[in-house]
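If you're matching them up, the sequences are chains A and B in order. Each residue of the first sequence is one higher than the one before, starting from 1 at the first, in full-length UniProt numbering. Each residue of the second sequence is one higher than the one before, starting from 1 at the first, in full-length UniProt numbering.
To be clear, the hints were calculated from the coordinates, so they are not data collected in a lab. Hints are not guaranteed to be accurate.
One copy or any two copies: either way a pair holds, since identical chains are not told apart in the list.
[Claimed, not checked] Calculated lysine to aspartate or glutamate pairs in the DMTMM-like style (CA-CA distance at most 25 Å, straight line):
| id | residue 1 | residue 2 |
| --- | --- | --- |
| 1 | Lys298 | Glu678 |
| 2 | Lys180 | Glu736 |
| 3 | Lys695 | Glu584 |
| 4 | Lys451 | Asp732 |
| 5 | Lys391 | Glu123 |
| 6 | Lys427 | Glu258 |
| 7 | Lys454 | Glu434 |
| 8 | Lys451 | Asp441 |
| 9 | Lys278 | Glu161 |
| 10 | Lys541 | Asp740 |
| 11 | Lys451 | Glu425 |
| 12 | Lys630 | Asp613 |
| 13 | Lys432 | Asp682 |
| 14 | Lys541 | Glu737 |
| 15 | Lys454 | Asp723 |
| 16 | Lys454 | Glu437 |
| 17 | Lys451 | Asp440 |
| 18 | Lys627 | Asp723 |
| 19 | Lys451 | Asp723 |
| 20 | Lys627 | Glu747 |
| 21 | Lys541 | Glu425 |
| 22 | Lys391 | Glu424 |
| 23 | Lys454 | Asp440 |
| 24 | Lys210 | Glu424 |
| 25 | Lys391 | Glu140 |
| 26 | Lys298 | Asp234 |
| 27 | Lys454 | Asp579 |
Take a look at the letters that make up each chain.
Number of protein chains: 2
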Amino acid sequence: MDQDHKMDIDSNNGSSNVPKKRTLDELQNPVDPIIKTEQQNTTSADRKLLYNQPQQNKDFSDESDVIVPLTKPDLHYVPLKTGLCYDVRMRYHAKIFTSYFEYIDPHPEDPRRIYRIYKILAEHGLINDKTLSGRDDIGELMLKIPVREASREEILLVHTEEHLKFIESTQAMSKEELLKETEKGDSVYFNNDSLLSAKLSCGGAIEACKAVVEGRVKNSLAVVRPPGHHAEPDAPGGFCLFSNVAVAAKSILTNYPESVRRIIILDWDVHHGNGTQKAFINDPRVLYISLHRYEQGKYYPGTQAGGADQVGEGKGVGFNVNIPWPVGGVGDADYIYAFRKVIMPICYEFNSDLVIISSGFDAADGDVIGGCHVSPAGYGHMTHYLKSLNKGNLCVVLEGGYNLDSIAKSALRVAKVLLGEPPEELKDMTPKSETIEVIDDVIKIQSRYWKSLKPGYYGRDFNLTSIMGEPESLAKAATGPTFEEMALAHERVNDSVRTHQKTTLFDNNNFVALPIVSEKRGEASLQNEILCTKGIYDADKIIIIIHDPSRIWSRRDPVTGDLDTSQSVVVDQSQRFIDWAQKEHFGIIDVNIPLTITGENELNYNNITSSQDALLYLWDNYIQYFKVSKIAFVGVGDAYNGVVHLCGHRDVRTLVKASINFLDKPTALRAVVSTIDESVTDWFYRNSLVFTSHKHPCWGDIEKNGSNQKRPRKKYGRVIRADVENLDSVIDERFEEACDFILDSVEDYETESESE
Amino acid sequence: MDQDHKMDIDSNNGSSNVPKKRTLDELQNPVDPIIKTEQQNTTSADRKLLYNQPQQNKDFSDESDVIVPLTKPDLHYVPLKTGLCYDVRMRYHAKIFTSYFEYIDPHPEDPRRIYRIYKILAEHGLINDKTLSGRDDIGELMLKIPVREASREEILLVHTEEHLKFIESTQAMSKEELLKETEKGDSVYFNNDSLLSAKLSCGGAIEACKAVVEGRVKNSLAVVRPPGHHAEPDAPGGFCLFSNVAVAAKSILTNYPESVRRIIILDWDVHHGNGTQKAFINDPRVLYISLHRYEQGKYYPGTQAGGADQVGEGKGVGFNVNIPWPVGGVGDADYIYAFRKVIMPICYEFNSDLVIISSGFDAADGDVIGGCHVSPAGYGHMTHYLKSLNKGNLCVVLEGGYNLDSIAKSALRVAKVLLGEPPEELKDMTPKSETIEVIDDVIKIQSRYWKSLKPGYYGRDFNLTSIMGEPESLAKAATGPTFEEMALAHERVNDSVRTHQKTTLFDNNNFVALPIVSEKRGEASLQNEILCTKGIYDADKIIIIIHDPSRIWSRRDPVTGDLDTSQSVVVDQSQRFIDWAQKEHFGIIDVNIPLTITGENELNYNNITSSQDALLYLWDNYIQYFKVSKIAFVGVGDAYNGVVHLCGHRDVRTLVKASINFLDKPTALRAVVSTIDESVTDWFYRNSLVFTSHKHPCWGDIEKNGSNQKRPRKKYGRVIRADVENLDSVIDERFEEACDFILDSVEDYETESESE
């Protein structure tokens, strides 16, 4: 036993760092001074406990002497207010009417926009301002941040002298000059107050950020107009005159270099913030992230600047993230998906000191210009996520948003979350397929620069080396070939797979390649793709299987991103039909239709037309000359289009007895459209089975309609819905039924007639 | 022009819903009553703007009459306090000392745990309680929720009568009986106050949840002991007597069926909550999610119940999510990664009404029992995320956590976030490789039940059909074969790839298969794997390429999860060496070493020993009989082990002139260990090049050490670090150097000696 402790038990040197001496009995049955005062309704007589065990903690003080002095709560965020910038003078900038029509349908960048937001905050008690005049003391929750005009120096941090001079000149222009400049400009308008409003808008953004950085408020909301993110350094545009957020960010970086070294600008306005992007394209201190409707550059601003491939330039490479929606109609689910998969990981990795949200509300549900469906709850959630960064230093600056009701409701919810409310619940969280594809593209591109995006942090299919430089030079570099470059130099997997299948069929099933004499484009590529049993010319009954390429089921190593080829299987359903058909003494033709090809015809290739061409070619050049009397088709996947097309363009009814088709969810149903006569439709219906995935869209929106299955029309054939979702499972489920149908269809009726 | 409007312009019917009549001049130059009162320092004389455009909004009231009455702020969360449960009587439950040793090293489930948490809240001003006595009025921020004993009925919601009776009996047991039960139990101890403390702990959890559900507090923190989540319905365990959180959840579901229909229990205690899991294993109303150290079931509680495959039973299938860490030492990055990839998507999809956090702080940095490194900021972030669910209805209940300082700091940060502080910033966000693998496994398993986890919402490699039943019966079903089942029925991709390579080599490079006479296990599988040029017996100089299987670079369709085989390439580096070697008139042997195999030897197969066996076999049975005089080895990936092994086990020095090796990041360096003599090491160093990925671990922890590269020792050969990361890029970068080295090494010196 420790000698020191033994000694301590018997003596008391009075130091408070030494445990009080106790006998063993006392150790087992101590008196707790605190508990003695609190005893109530206890059940045990002997309620003494051991407390002070010095070895486990350093606090040797006798607990009965404990006094914890009352102290101010150690909270830095909660006690502060949320800042608010609003100034009625920003309403002065307005479009000069030139026709009565504008009375009915005014310009969307309407002076009432900021008024309506201010009003809804008052209506919901977040600010006190009965007359909505913009008073200074607005209550306990929000703190009015005085709006001032941005100075020339501040504006020149981003803009050119020429641009500033031009905007300054609008102040004194005549009405005719103002109208002329409005006409000339790229979606801008001017009146004599535009300069003032623009300088206030810019100054408001600066002051809103300053207040957060200086710790006067916990976060802030700048309800400003005109907006800023389309204004490029040398030109106004898209309703914007000065690039408010860009000027604010540059101003903060200039004036608070110690406390703010990196800024994230998150632009959720439905348009791409080309102005902001341009201002920081070379700047690694500012991470610009924008989600916007893009449509391959057709949506305003209508340039390629908003494309996902714009990642920054020079030192700023890797610090620009564009998430371009290919269509409108995106909603909460899509935005949250982007946050979850791309934005939050990148933001954590960037380690900012301030987040500025370029907050247009034109992606809000109800905005006709934006055409999207983000709900107030969606904006609330995004705000809540961004609050978790850099200790909640967050500044929200208004950009666009043109439905007065929508922007009011959205801004209200953002303000509530800034004040500390949790976000409202979200409804449907299923993103669109287009969204998933776009996010995947963005991840591919950005994972060159952000290691938190790499598949498994070591993605082979991007072959990245991401080198983070010294903190002073946050430059990044990426080396190594891209997937596309590798693809030029190496074999396609489908060639390997097809070759192997060919070998198997040649060796085991007595197949040969059908010689293709190529005359039309695309036919040469069929060389490897049409195989048949020997003696096909003489076969009495033939099965023609036309199918998409075999699928590979595999597991990607989550850490390395590798596909272990010995852990991947080729799921080939033809083989099953082939083995069965040979047992039944059918001749067999197997046609493989690749989804894409490589080589000269790559861009022109379309697998649907290829399947059509293949079967027409087969029909015209071979089947006409065969001795066959009965044909059954088996179509799998997109390739089945060839079957339907053939049935519509050639009179196949004498030879073709049955057509079995298996459709995956993405393969659209195709109607037989006969160029011969209408009764083909009926014939097709009676002689075909089209098995679809359970989730095939032809059955309607299952989740909305419940069990209300609309039946596809007869022109699609007899369409049957499998119970399972996956194509290969559908084939498993219906294989026997299909085979029976074929056998019945080709059954020889001569025996019947003989018996008559 | 609209007739109605034309009329309205000239008359005034006095209705407030009709726009005031205006002349066209007035339209262009309106007077804004509000602005008139606010005008200051304006630059334009003519500051009239148009405001009321009725078509755009329904608000026709004249703004000068606007009065927005002062109203209570429309905030439901911010004005409420955070609830706190604490009662000093929960300190009574303590272990009876049986030896002096326990004085030095007391039982970790120590009465001071709750005291220390309460104390730090007071020290930081979150509560006012100078003497830490547990007073009722604790200030403005937190609301004391009175702790009461749980009733028999409540406890019996989860536990059996026998169990409850047993715990009740401890109240009157003698000291000897108490000690005996302590000894017998599974990591539990008892004294005469255990029943009281346990009932208070349970009742405290119930009351904390009730207060949130009833809206008396915005969220709550129950600082209770003894903990609960290991107590199973019929037995105590792991320091737990009653399953506090389970009883609370069941009580809430029973008593508030209208407002709380679904509950999420998120258990971040470092141990698996076997008790909670068991209580709700069949219950679809409670989603139990646990992150815990597991180590294949070896870590406490030491059963398989915490495995990722435990997904619930019966109606509860799909509502149990285990995230089992295979090792200790996990930290913030791993927990946040789990939240991001699995937990938050599932929670959103589940759509709960209440979240209860089983909050053990034993994964905290400093806890010796847990051995992990979650920082207070990490707990803060997890709390912030969970706050975004179901309107912030959140109740945090203490479970384990045994380092008094760590639990205090962690609980303090959680309390601050509950109060509205943003979380602190996180440091390193790179999860461990083991974490990424585990999360991938969990996603595989859980994506059968949660569509937000499916790869692209339509994952082929899981072949799922997830059918959500009616709200009343939240049962889920999954159908279709698993990957493993498909793998039994179909070809492995590596077979396809190797067959294709074989065919190419046979056709183009004059290769044949080396006949293997199989005597030892594993050799039969080499049949397809060793190919060589014709006439290999007579070749004077031979290159032997031994390599891992070719890699597949492919893109997985993010929506369907499919691999498009025509968009996937086989990256085969052998071909490059083969073509070069043939140009240089080498004989060539190409040995492919699969990473795994299928068939009878599957479980015994190890690719490293296989590469060793292959080369020994080749050496002993073939090379001995060849006419070769100069051999060069090219080793790629793990397969290079065969080369090193051979050099250590056979005297290769006369024949082998060079050994070139390319190592990927996961391939460990291997030292040549000679059974022959020590000078082999030196020989190997002089005659080999080992090119490694830039990120190979043999170069040390790059991020920590910066440019401090420790050089691998000579016994590994001459190890050279490439500038690129990816294996195939390494080969690209160093191909010429390798070839030159080989040529130099096999150069015939006879010409030199002739010239002497």
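Failing hints, ascending? 1, 2, 3, 13, 18, 21, 27
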